[in-house]
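2 protein chains.
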Amino acid sequence: MNEKQAFEVIRHALKPRRYEHTKRVVEEATLLAERYGGDIEKIRLAAILHDYAKYRSSVEMRDKVLKDSTLPIALLDYGDELLHSFVGSVFVKQELNIDDEIVLSAIRYHTTGRASMTLEEKVVFLADYIEPGRTFPEAITTRELSKQDLDVACLESLKNTIGYLSNKSIGIYPDTFQAYNDFVIKLKKRGG
Amino acid sequence: MNEKQAFEVIRHALKPRRYEHTKRVVEEATLLAERYGGDIEKIRLAAILHDYAKYRSSVEMRDKVLKDSTLPIALLDYGDELLHSFVGSVFVKQELNIDDEIVLSAIRYHTTGRASMTLEEKVVFLADYIEPGRTFPEAITTRELSKQDLDVACLESLKNTIGYLSNKSIGIYPDTFQAYNDFVIKLKKRGG
Numbered sequence: 001m002n003e004k005q006a007f008e009v010i011r012h013a014l015k016p017r018r019y020e021h022t023k024r025v026v027e028e029a030t031l032l033a034e035r036y037g038g039d040i041e042k043i044r045l046a047a048i049l050h051d052y053a054k055y056r057s058s059v060e061m062r063d064k065v066l067k068d069s070t071l072p073i074a075l076l077d078y079g080d081e082l083l084h085s086f087v088g089s090v091f092v093k094q095e096l097n098i099d100d101e102i103v104l105s106a107i108r109y110h111t112t113g114r115a116s117m118t119l120e121e122k123v124v125f126l127a128d129y130i131e132p133g134r135t136f137p138e139a140i141t142t143r144e145l146s147k148q149d150l151d152v153a154c155l156e157s158l159k160n161t162i163g164y165l166s167n168k169s170i171g172i173y174p175d176t177f178q179a180y181n182d183f184v185i186k187l188k189k190r191g192g
Numbered sequence: 001m002n003e004k005q006a007f008e009v010i011r012h013a014l015k016p017r018r019y020e021h022t023k024r025v026v027e028e029a030t031l032l033a034e035r036y037g038g039d040i041e042k043i044r045l046a047a048i049l050h051d052y053a054k055y056r057s058s059v060e061m062r063d064k065v066l067k068d069s070t071l072p073i074a075l076l077d078y079g080d081e082l083l084h085s086f087v088g089s090v091f092v093k094q095e096l097n098i099d100d101e102i103v104l105s106a107i108r109y110h111t112t113g114r115a116s117m118t119l120e121e122k123v124v125f126l127a128d129y130i131e132p133g134r135t136f137p138e139a140i141t142t143r144e145l146s147k148q149d150l151d152v153a154c155l156e157s158l159k160n161t162i163g164y165l166s167n168k169s170i171g172i173y174p175d176t177f178q179a180y181n182d183f184v185i186k187l188k189k190r191g192g
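Those protein sequences? They're chains A and B, same order as listed.
If you count the first sequence from 1, position 185 lands on 185 in my numbering, and the numbers rise without skipping.
If you count the second sequence from 1, position 60 lands on 60 in my numbering, and the numbers rise without skipping.
The set of hints was computed from the structure by calculation and includes no laboratory data.
Incorrect hints may appear among the rest.
Derived BS3-like pairs: lysine-lysine, alpha-carbon spacing no greater than 27 Å straight-line [what the hints assert, rightly or not]:
no.	chain 1	residue 1	chain 2	residue 2
1	A	K189	A	K147
2	A	K189	B	K93
3	B	K4	A	K188
4	A	K186	B	K64
5	B	K93	B	K147
6	B	K54	A	K67
7	B	K186	A	K168
8	B	K189	A	K64
9	B	K54	B	K189
10	A	K186	B	K147
11	B	K188	A	K189
12	A	K67	A	K4
13	B	K188	A	K188
14	A	K186	B	K189
15	B	K4	B	K67
16	A	K67	B	K93
17	A	K189	B	K4
18	B	K189	A	K168
19	A	K168	B	K67
20	B	K147	B	K168
21	A	K64	B	K54
22	B	K168	A	K168
23	B	K188	A	K54
24	A	K64	B	K147
25	B	K54	B	K64
26	A	K54	A	K93
27	A	K189	B	K54
28	B	K54	A	K188
29	A	K64	A	K54
Chain A with its partners taken away, still in its complex shape:
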């Protein structure tokens, strides 16, 4: 599937506002890839498709988790917000016949992050958080950090998310705190 086809699929799968968001994520991901590397074609394809399942119903997504052995059942204990990333990567694979693991994992972890993220995962994860349509203060701070250090910016996004969720006593998916600890520990080691 080429970019043009992917954009067409997504334009039909999403509402106009979400489609505009997606275009901004692709732009932002491209900038990040130019700055930090990673496979730019795969990053762009993952960015185009990252919200592919955004408008599937909770019922359909929860059903998919129950039936697909590659999806962790624990997802059902957390907010539906997570489902579209994990289930989306499976739908992209099965419905759009995209088999590339770099693309699929960047879609899968774009909301939660995880420990030991690939460069492509980091870029899509971060681009989704900092695209210029995100105007809350934490996104703006994170965008500034993204110009200096990819890992520091990813950590900033994760700490904001954890702070937000814990403040509301909402469950935090294990991949998210594993990503957080992973960045904290790596940056500490890198700092000496």
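Chain A is fixed; fit chain B onto it per the hints.
Below, chain B without anything else, positioned relative to chain A:
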């Protein structure tokens, strides 16, 4: 070891201010045990001994982690603040010959919590957070909650800790996150 002996050991192991804190934790843990149950003698013994290793040096505690196969090596990636609980439970066992797992685990998890905490673990964990010497606003709120619901109060303490640590980009020991998610999910299910 009876209570009187344990208090004597602790009076020598701790500085006076920390000893006063310990006495308040024992009082608070007693109140919680009277309210919520649990083995009150074991809870009191764990509360007396919970900070047994507080003044051991980081070097000694880190060395113990490296040498004792019952202590997770991952502890070394996190703040030294955690070490005194985990290493303390091992020292209490080896130096004071206390073999009771209920007592030892209440000491071990009094800082981090963990998933599926025992009643005795919850009581000591919470008593340490809310004893009247803790005067920061979050402790006062949590103390009020502790009069209504033990699990809600434990969750409040965990969310405060996670918020505090993530705000400072400090690593959060996995047991703490797992405890947090465990309480969130259980309380959600209990709430219907």
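Outcome of the hint check:
For the suggested pair A/K189 and A/K147, the alpha carbons sit about 21 Å apart, so the restraint of at most 27 Å is met. Taken as a hint, the A/K189 and B/K93 pair is broken in the structure, with Cα atoms around 33 Å apart against an allowance of 27 Å. Annotation: proposed proximity of B/K4 to A/K188 is violated, straight-line Cα distance about 44 Å (limit 27 Å). At roughly 24 Å between alpha-carbon atoms, A/K186 and B/K64 fall within 27 Å of each other, so this suggested pair holds.
As the CA atoms of B/K93 and B/K147 are separated by approximately 32 Å, the hinted pair breaks the 27 Å bound. About 49 Å separates the Cα atoms of B/K54 and A/K67, which puts this hinted pair outside 27 Å; it is violated. Between the alpha carbons of B/K186 and A/K168 the distance comes to roughly 15 Å, so the proposed pair stays at or under 27 Å and holds. Restraint check for B/K189 and A/K64: the C-alpha separation of about 22 Å stays at or below 27 Å, so the hint holds.
For the suggested pair B/K54 and B/K189, the alpha carbons sit about 37 Å apart, so the restraint of at most 27 Å is broken. About 41 Å separates the Cα atoms of A/K186 and B/K147, which puts this hinted pair outside 27 Å; it is violated. Distance restraint check for B/K188 and A/K189: the Cα-Cα separation of roughly 38 Å exceeds the 27 Å cut-off, and the hinted pair is therefore not satisfied. Pair hint A/K67 plus A/K4 does not hold up; C-alpha atoms about 31 Å apart against a cutoff of 27 Å.
Taking the CA atoms of B/K188 and A/K188, the gap is about 35 Å. The hint is violated against a cut of 27 Å. A C-alpha spacing of about 36 Å is found between A/K186 and B/K189, which places the hinted pair above 27 Å, so the restraint is violated. Our distance criterion of 27 Å between C-alpha atoms is broken by B/K4 and B/K67, whose separation comes to about 31 Å. Straight-line distance between C-alpha atoms of A/K67 and B/K93 comes to about 47 Å, which puts the hinted pair past the 27 Å bound.
Using a Cα cut-off of 27 Å, the hinted pair A/K189 and B/K4 is violated, with the two alpha carbons roughly 45 Å apart. Only pairs whose Cα atoms come within 27 Å are accepted, and B/K189 paired with A/K168 is accepted, the gap being roughly 17 Å. In summary, the hint linking A/K168 to B/K67 is not supported, as the alpha carbons are separated by about 40 Å, beyond the 27 Å threshold. With a C-alpha separation of about 30 Å, the suggested pairing of B/K147 with B/K168 is violated against the 27 Å cut-off.
Of the pairs offered as hints, the one joining A/K64 and B/K54 is violated, with about 49 Å between alpha carbons and a cut-off of 27 Å exceeded. Restraint check: the Cα-Cα separation between B/K168 and A/K168 comes to about 18 Å, which is no more than 27 Å; the hinted pair holds. Distance hint between B/K188 and A/K54 is fulfilled; the C-alpha atoms sit about 24 Å from each other, no more than 27 Å. Taken as a hint, the A/K64 and B/K147 pair is broken in the structure, with Cα atoms around 42 Å apart against an allowance of 27 Å.
Taken as a hint, the B/K54 and B/K64 pair is honoured in the structure, with Cα atoms around 14 Å apart against an allowance of 27 Å. Between the alpha carbons of A/K54 and A/K93 the distance comes to roughly 15 Å, so the proposed pair stays at or under 27 Å and holds. Restraint check for A/K189 and B/K54: the C-alpha separation of about 26 Å stays at or below 27 Å, so the hint holds. Between B/K54 and A/K188, the direct Cα distance comes to roughly 24 Å. Compliance with the 27 Å bound is thereby established for this hinted pair.
With a CA separation close to 14 Å, the supplied pair A/K64 and A/K54 stays within the 27 Å bound.
In this structure, the hints that do not hold are numbers 2, 3, 5, 6, 9, 10, 11, 12, 13, 14, 15, 16, 17, 19, 20, 21, 24, in rising order.
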